[in-house]
Amino acid sequence: MKDIRKIHTPLADEICRELSAGDAVTLSGTILTGRDVAHRRLFDAGTRGEALPVDLRGMVMFYAAPTPARPGRIIGSIGPTTSMRMDRYTPKLIELGLKGMIGKGRRSFEVRESIKEHNAVYFGAIGGVAALMSRRVRSAEVVAFPELGPEAMMRLEVVDFPLVVINDSKGGDLYEDAVSRRGDARRPSENTPIEML
Amino acid sequence: MAGLREISCRVVSKTVRDLFIEVNYRLGDDVLDALQHAVDTEDSELGRYALERIIENAEIAGRESLPLCQDTGLAVVFVEVGQDVHVVDGDLYEAIQEGVREAYSHGFLRKSVCDPLSRENTSDNTPAVIHADIVKGNKIRIVAMPKGGGSENMSSSVVLLPSDGIEGIKQHVVDMVAKAGPNPCPPVIVGVGIGGSLEMSALLSKKALLRPVGEPNKGDDRLSTMESEILKEVNSLGTGPQGYGGRTTALAVHIEMMPCHIASLPVSVNIQCHVARHGETII
Chain A
1 MKDIRKIHTP LADEICRELS AGDAVTLSGT ILTGRDVAHR RLFDAGTRGE
51 ALPVDLRGMV MFYAAPTPAR PGRIIGSIGP TTSMRMDRYT PKLIELGLKG
101 MIGKGRRSFE VRESIKEHNA VYFGAIGGVA ALMSRRVRSA EVVAFPELGP
151 EAMMRLEVVD FPLVVINDSK GGDLYEDAVS RRGDARRPSE NTPIEML
Chain B
198 MAGLREISCR VVSKTVRDLF IEVNYRLGDD VLDALQHAVD TEDSELGRYA
248 LERIIENAEI AGRESLPLCQ DTGLAVVFVE VGQDVHVVDG DLYEAIQEGV
298 REAYSHGFLR KSVCDPLSRE NTSDNTPAVI HADIVKGNKI RIVAMPKGGG
348 SENMSSSVVL LPSDGIEGIK QHVVDMVAKA GPNPCPPVIV GVGIGGSLEM
398 SALLSKKALL RPVGEPNKGD DRLSTMESEI LKEVNSLGTG PQGYGGRTTA
448 LAVHIEMMPC HIASLPVSVN IQCHVARHGE TII
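Which chain is which? The protein sequence lines are A and B, in order. Letter by letter, the first sequence follows residues 1 to 197 of the working numbering. Letter by letter, the second sequence follows residues 198 to 480 of the working numbering.
Accuracy of the hints is not assured; some may be wrong.
[Unchecked claim] DSBU-like, lysine-lysine: derived pairs with alpha carbons at most 35 Å apart: (1) B:K376 with A:K2; (2) A:K116 with B:K376; (3) A:K2 with A:K170; (4) A:K92 with B:K333; (5) B:K429 with B:K333; (6) A:K2 with B:K429; (7) B:K308 with A:K92; (8) B:K376 with B:K404; (9) B:K404 with B:K308; (10) B:K429 with A:K170; (11) A:K6 with B:K376; (12) B:K376 with B:K429; (13) A:K6 with B:K308; (14) A:K170 with B:K376.
[As the list claims (entries may be wrong)] Residues of chain A placed beyond 12 Å of chain B at every Cβ, according to the derived structure: (15) C16; (16) L52; (17) R85.
Calculated directly from the structure, the hints in this document are not laboratory data. Backbone N, C-alpha and C define an ideal beta-carbon position, used for all residues, glycine too.
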């Protein structure tokens, strides 16, 4: 890759405005991890107007649950899970200040709209490179829901996490671009349900 | 004629344990070769970037004994028991479960199995899904296949109309891969099972994933032709590595088939991510 931009957390508004779908970046700084149950709990607390166990403002959430760390290691292998399972909770968390999400796979219309409205960003992490990403984690501590085991919320200090911008604040969508750029002329049948692509 | 032979459950447990640890840390040479070939032929810069990180990851995981992927899978075990084997020192199924339990605990693998409704984790990655066959001979062959959730979620079984024929099957498989898009962590390997009953087609589609990546079906020319035709169409979708765009959406399409009912055409598609982990030992 020619141009890989280095960015840091907390994500500034200006950075979010500049990032475009298809940009390769490396991210450094503090991020949070959270998956299905953690999201539901944050969503429920936020909806009821209660205080959250973590401050989401300017934060980046990584949809991840690592393997157990060997003794003497900071963390086990860690990588993204499928983001769509978090879709129903995400607009609320963005409303509460979440600025970036790291996962894999397509987001719902509501999430993409929320990203535009609040100048946020959705990053793709490469699925299945969890040993590589593990080595870019400098510290890890559980900050909420320890009873969830690997799905507990953690605060990670990361250095040069390799990411790609999927959905940007201008409505750009790398996944859409990929299939529309290459696919149309060669798509094998008109019956392919385009709305599901 | 092979004579009757005793095999201890302790040996079975240790074999299962060693296999699951090994395959979670080390990617097969067939997969690595296919990935390297993809790097050489991929014309999308982001696609190549993803493929190179995937190869780099395999090097790190192997060197440092770290799981390749954080999703160390639901444990799927294929076991072929020779009819002249006498299993001693316990229960064969329980011995396999014990091997899985030990692998996921001692190998620092993630426990990813839960009650389907309460979603409560079973805490030791059991129960494994075990497929047992009785075969000739006095050996036991064990195949370990940790299967990740992201790619399994994009898989399906359907029963097509006999009149849908070869074209209908090809269309269905291509549509499944198109719909899956970036979600199953492409480049994927597409396992297809045709025929049998509904559940047998699903089993065939999973067994198809055990073939070395890119090795064509050897028993039936119609199937090897379909494999290469579907692969070409899938790799024209544009999805590419991780959905970032490019020509490498799939590394291979593998089809297995058996006869079915005159009224039916069962077709299952089992999608496997690029972390295609499986290994076998013959006891």
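Hints not upheld, ascending by number: Hints 4, 5 and 17 not satisfied by this model.
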